[in-house]
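K.L.:
Now for the letters of each chain:
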Amino acid sequence: MTKKAGPLFYIFLVVFVFFVMFPFLWVLLSSIKPLSELFGDKAFQWFTSHPTLKSYISVFVNYPFLRYLWNSTVVATITTVYTVFVAAFAAYAIARLEFRGKTVILGLVLAVSMFPQIATISPIYMFVKKFGLTNSYLGLIIPYTTFALPLSIWLLVTFFRKIPFDLEEAAKIDGATPMQTYFKVILPLAVPGVFTTSILVFIAAWNEFLFALTINTAEKYKTVPVGIAMFQGQYTIPWGEISAATVIVTIPLVIMVLLFQRRIVSGLTSGSVKE
Amino acid sequence: MRNEKRMERILGYSLVAPALLLILAIAIWPVIQSFYYSLFDYRLNDPRKSSIHLNYSLDLEGYLQNYPFLQSALKQELATAEGTVKETLAEVEQKLTDMDAAIRKDEQVAKQYDQVNEALDNFETPSEEVKIVELDEQTAKQLISTVDSAVQTLKQIHQDGGLKQPDKVVGLAEGLTGVVIEPNFVGLKHYKDNFSDPRLWKALWNTTFFTVVSVAVELVLGLAIALLINKAFFGRGLVRATILVPWAIPTAVSALMWKFLYDGQNGIVAKYFENIGLVDRMGDLLTTEAGAMFAVIFADVWKTTPYMALLLLAGLQTIPSSLYEAASIDGATKWQQFVKVTLPLLKSSILVALLFRTLDAFRVFDLIFVLTGGGPANSTETISILAYKVMFSQTNFGNGSALAVIVFICVAIISMIYIKWLGKDLLSDSASAKR
Chain A
1 MTKKAGPLFY IFLVVFVFFV MFPFLWVLLS SIKPLSELFG DKAFQWFTSH PTLKSYISVF
61 VNYPFLRYLW NSTVVATITT VYTVFVAAFA AYAIARLEFR GKTVILGLVL AVSMFPQIAT
121 ISPIYMFVKK FGLTNSYLGL IIPYTTFALP LSIWLLVTFF RKIPFDLEEA AKIDGATPMQ
181 TYFKVILPLA VPGVFTTSIL VFIAAWNEFL FALTINTAEK YKTVPVGIAM FQGQYTIPWG
241 EISAATVIVT IPLVIMVLLF QRRIVSGLTS GSVKE
Chain B
276 MRNEKRMERI LGYSLVAPAL LLILAIAIWP VIQSFYYSLF DYRLNDPRKS SIHLNYSLDL
336 EGYLQNYPFL QSALKQELAT AEGTVKETLA EVEQKLTDMD AAIRKDEQVA KQYDQVNEAL
396 DNFETPSEEV KIVELDEQTA KQLISTVDSA VQTLKQIHQD GGLKQPDKVV GLAEGLTGVV
456 IEPNFVGLKH YKDNFSDPRL WKALWNTTFF TVVSVAVELV LGLAIALLIN KAFFGRGLVR
516 ATILVPWAIP TAVSALMWKF LYDGQNGIVA KYFENIGLVD RMGDLLTTEA GAMFAVIFAD
576 VWKTTPYMAL LLLAGLQTIP SSLYEAASID GATKWQQFVK VTLPLLKSSI LVALLFRTLD
636 AFRVFDLIFV LTGGGPANST ETISILAYKV MFSQTNFGNG SALAVIVFIC VAIISMIYIK
696 WLGKDLLSDS ASAKR
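Residue numbers (the working numbering), protein chains in the order written: chain A, 1 to 275; chain B, 276 to 710.
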């Protein structure tokens, strides 16, 4: 497409970006307001004349927010590393090797990725309870397999398929075994795809809510989404702290998205577009 | 050559096996189990229903904490009783003794009976496995009827004033009434109950309404945005990043953020909506039924339209520009180009995007759970929220699992419809095609 973008287009763009970012902007502005300006008449003023970091300090002092961040990081990282590792072999086989039933297997993977979480929660809850895994990292990592593994396999298959087959043929002629081909030829070329898959799986695990809500109920093992959602008390909602916490979790995401936007988009759209 | 093919096949299966086993164990098996649970009256808050029983069993701990003491209490009564009362009491005592003998006839029961007795004598708590023992149906029913008639008789004697220690005797006899654990298999009862419960239909309707409206709005808006930004312009990366942020933040966090913006007293979005006349009063957004549904859909549209736009944009970029050039040479208007070129070529992208979004929307949980909790008056309660509430607030795992299975079946039907539309496109093995 070589259509030229006119000034009207840029105005549209600015309005669009503003609408998308407005909630964040407002939360950011609210997070530096003193508590008294979050309510009443001043609640609708855009800028405060008394900016303060009290809410940010309170998030770390009055809530185990650092602990939540750590829990989410541990759970999401381990889930990502282990599922991508297992999925890489399966995806290689599905994308590259000839054997019967691979379409069925891929169909199964896709079907499982569509499973509603609620349909698996009661047996999984009873399972983790029986083995004393409630309120532990493992208690979340195991159930996270249900969505992380199909997602990894699905994405990796599309990435593996994009690698030219000639390379493999050449390796075969040179006498490489399939495993050698995999480690020496395919895997190095698949690194970008593996990386993209890891980002998407990490985000999915980081954002998961239902399992985290039901399985890890102790303060010490809550993850970020559940932790923030439970900031609300019975009668009062600490909006200042919630705004600050939202800003704290959003900023790293914004940086990550800025750095890896190309990869994320390629991951999100792979499988949905036939090239 | 044939050998090589076989090697490749074996390697293929062994590479796929670990992933497949994990999926079977952690995703497919639980769904099957959910269905199994849904056939039982399975409640975590009721000790006698907190596990699944296909057969009758006996709680030996409860039995042995009552039975021996009841016998000795009866003997004391017998020593002082007279006339017909004595006869009746003797009869009750005999029946109970026979019943006890009948229970202990079974070898397994007798063994555990002694183990539990010993544990109780030593003031220990017997373990779960030892204290529950399976009974055959006949003995179990005999036990229940004997205990019931004994309780009746003793109460009668008590009313006639024939007992010295009425509270003790009757209390111990009543303690025996709960010791038989009946099978809690209920078949399809949960499904029948649910389908005649207006709350389920309301939840199904809410879910469908939410799904259809939000996905439709997201598709139209997403397509419009994708068409508009499908060109080279300055700051493309930045726009793309902006688009990704709402998608990337945890839904629970964005729901809480919207709760703040929608707040009836201090919410800026609620204020603006009131100013432009979208709602009558700020408070209406989260406290009226229509307002809450609108609020939930609006928040969902905000979060996922950008994602939809990205999927469609990727599809648009695969359409060769030569097609548009050819169309414009033939004198096609912009609209004709859109209808005749863009839409047909975008069809599979649109369907895939719709499939993923429809399923996501149908399963919606986090957004509504945090934003409205399903309220006000269950007006935003979707089927996943209902299932969660039944399972974890009412701890009724049997009925909750039935609801979860209903969600599963709905999702399966939706995906089958889409996949039929999409044909084999989605799964087609492009690897072998390229070969």
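There's no promise every hint is true.
Facing chain B, according to a computed beta carbon distance under 7 Å, are these residues of chain A, among others [what the hints assert, rightly or not]:
| no. | residue |
| --- | --- |
| 1 | 25 |
| 2 | 28 |
| 3 | 90 |
| 4 | 115 |
| 5 | 133 |
Keep in mind that the hints were calculated from the coordinates and are not lab data. In this text the structure is predicted, and so the values were computed from the model without any measurement. Glycine included, C-beta positions come from ideal geometry on N, C-alpha and C.
K.L.:
Verify the interface restraint on residue 28/A: the C-beta must sit less than 7 Å from at least one C-beta of chain B.
P.N.:
Violated: closest Cβ of chain B sits about 11 Å from residue 28/A, beyond 7 Å.
K.L.:
Quick one, is the residue 133/A hint okay against chain B at 7 Å, beta carbons?
P.N.:
With Cβ-Cβ at 13 Å, over 7 Å, it is violated.
K.L.:
Closer than 7 Å between Cβ atoms is the bar; does residue 115/A clear it against chain B? Give me holds or violated.
P.N.:
Nearest chain B Cβ about 6 Å off; hint holds.
K.L.:
Close enough to count: is the Cβ of residue 90/A nearer than 7 Å to one in chain B?
P.N.:
With a minimum Cβ separation of about 4 Å from chain B (threshold 7 Å), the hint on residue 90/A holds.
K.L.:
Does residue 25/A meet its interface restraint, that is, does its C-beta lie within less than 7 Å of any C-beta in chain B?
P.N.:
violated, 10 Å
This entry does not satisfy hints 1, 2 and 5, going by the numbered hints stated previously.
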